[in-house]
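Chemist: Sequence:
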Amino acid sequence: MQKDTDDRLNTEKPFQKKSRATHLRFLLPRLGLLLLAGAVTVMMAAQSAYGTTEAKAQKASGKATVTLADKQPLQATLNSLTISGAPLNAHLIIHIHAKNTDPQTPGLCKGPILFIIKATPGQEAKLQVDGNGKFSAKNLQFTVNNELKPDQQALLNAKDFGTWVVNVHNADIINPVDNKPVSIVCGPIKVGANATKGAAKLKPDPKPKVIPTP
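Its first residue numbered 13, the sequence shown is counted upward by one per residue in our numbering.
Among the hints, a few may not be true.
Stated by the list, open to error - Straight-line distance between alpha carbons at most 20 Å, and here's what the computed DMTMM-like set of lysine to aspartate or glutamate pairs gives:
no., residue 1, residue 2
1, Lys-122, Asp-172
2, Lys-83, Asp-172
3, Lys-215, Asp-163
4, Lys-111, Glu-136
5, Lys-213, Asp-172
6, Lys-122, Asp-184
7, Lys-209, Glu-159
8, Lys-213, Glu-159
9, Lys-146, Asp-190
10, Lys-161, Asp-217
11, Lys-192, Glu-159
12, Lys-150, Glu-136
13, Lys-138, Asp-184
14, Lys-71, Asp-217
15, Lys-111, Asp-163
16, Lys-130, Asp-184
17, Lys-130, Asp-190
18, Lys-192, Asp-217
19, Lys-209, Asp-82
20, Lys-122, Glu-159
21, Lys-122, Asp-190
22, Lys-75, Asp-142
23, Lys-111, Asp-172
24, Lys-71, Asp-184
25, Lys-130, Asp-114
26, Lys-192, Glu-136
27, Lys-111, Glu-159
Worth flagging that the hints you see were computed from the coordinates, not collected in a lab.
Remember, predicted model here, so these are calculated numbers, not experimental data.
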């Protein structure tokens with residue numbers, strides 16, 4: 013009887029092994045596809061729900077028109093500003109920057125701040141993006157930046173108007189690197205035949221190219 017039992021076990025083992033191997037070869041490709049599809053689904057869901065900071069920033073765009081009155085001191089007026097794709101409900105601070113010539117802080121919109129528009133206490137809603145990421149304003153008066161250093165005062169020169177930059181910041185988020193509000197969109201002021209009027213197309217500040225040291 014023992015011999016019969018052993019013979020039966022020996023007869024069944026090769027078949028069972030072959031059956032299991034065939035079954036595994038059939039299941040593994042399908043299992044791999046299922047895992048891959050699941051991973052892709054999770055990634056897509058995460059991107060849809062949260063996105064990335066850079067991707068969201070790239071959606072923002074806008075236009076601005078500015079008038080400069082060549083008086084002493086200089087006076088600048090934001091005649092119009094429209095933005096779309098901005099962070100929802102963000103509070104804004106609007107700057108005019110001088111041309112950036114500092115190699116230590118590269119970037120189009122990193123020059124010294126010449127003029128500022130910011131909300132007074134209790135009036136923050138007047139400079140706030142709506143729930144659809146849009147903002148528009150007309151005829152807002154800039155104030156001269158009273159924190160300009162003595163050697164920067166010369167930057168307040170009407171002849172340089174066409175080298176300046178409009179920069180719209182998110183007042184709710186501070187950049188830990190320079191301790192200033194992060195930029196949403198910015199753009200250089202283009203001056204036409206009338207040297208006192210300029211327009212700027214606004215988009216996210218491009219990342220400066222890093223030139224490797226030799």
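Chemist: The structure should be examined with respect to each hint, and the outcome stated for every one.
Modeler: Hint by hint, here is what the structure shows:
1. Lys-122 x Asp-172: Since the Cα atoms of Lys-122 and Asp-172 sit roughly 16 Å apart, the hinted pair holds (cutoff 20 Å).
2. Lys-83 x Asp-172: holds, 14 Å
3. Lys-215 x Asp-163: Measuring from Cα to Cα gives roughly 30 Å; hence the hint is violated.
4. Lys-111 x Glu-136: Roughly 28 Å between the alpha carbons, so the hint for Lys-111 and Glu-136 is violated.
5. Lys-213 x Asp-172: The given pair, whose Cα atoms are some 18 Å apart, holds under the 20 Å limit.
6. Lys-122 x Asp-184: holds, 19 Å
7. Lys-209 x Glu-159: At roughly 25 Å apart (the allowed maximum being 20 Å), Glu-159 and Lys-209 break the hint.
8. Lys-213 x Glu-159: At roughly 27 Å apart (the allowed maximum being 20 Å), Glu-159 and Lys-213 break the hint.
9. Lys-146 x Asp-190: With Cα atoms ~27 Å apart, Lys-146 and Asp-190 exceed 20 Å; violated.
10. Lys-161 x Asp-217: violated, 24 Å
11. Lys-192 x Glu-159: At roughly 14 Å apart (the allowed maximum being 20 Å), Glu-159 and Lys-192 satisfy the hint.
12. Lys-150 x Glu-136: OK: Lys-150 and Glu-136 at ~16 Å, within 20 Å.
13. Lys-138 x Asp-184: holds, 15 Å
14. Lys-71 x Asp-217: Judged against 20 Å, a Cα distance of about 12 Å means the pair holds.
15. Lys-111 x Asp-163: holds, 15 Å
16. Lys-130 x Asp-184: holds, 12 Å
17. Lys-130 x Asp-190: holds, 19 Å
18. Lys-192 x Asp-217: Between Lys-192 and Asp-217 the Cα gap is close to 15 Å, so the pair holds against 20 Å.
19. Lys-209 x Asp-82: holds, 11 Å
20. Lys-122 x Glu-159: Holds. Lys-122 to Glu-159 sits at ~16 Å (cutoff 20 Å).
21. Lys-122 x Asp-190: holds, 10 Å
22. Lys-75 x Asp-142: holds, 17 Å
23. Lys-111 x Asp-172: This hinted pair holds, its Cα atoms lying about 9 Å apart.
24. Lys-71 x Asp-184: Holds - the C-alpha atoms of Asp-184 and Lys-71 are around 19 Å apart, at most 20 Å.
25. Lys-130 x Asp-114: Violated. Lys-130 to Asp-114 sits at ~25 Å, over the 20 Å cutoff.
26. Lys-192 x Glu-136: At roughly 18 Å apart (the allowed maximum being 20 Å), Glu-136 and Lys-192 satisfy the hint.
27. Lys-111 x Glu-159: Judged against 20 Å, a Cα distance of about 17 Å means the pair holds.
In this structure, the earlier hints numbered 3, 4, 7, 8, 9, 10 and 25 are contradicted, and the remaining ones agree with it.
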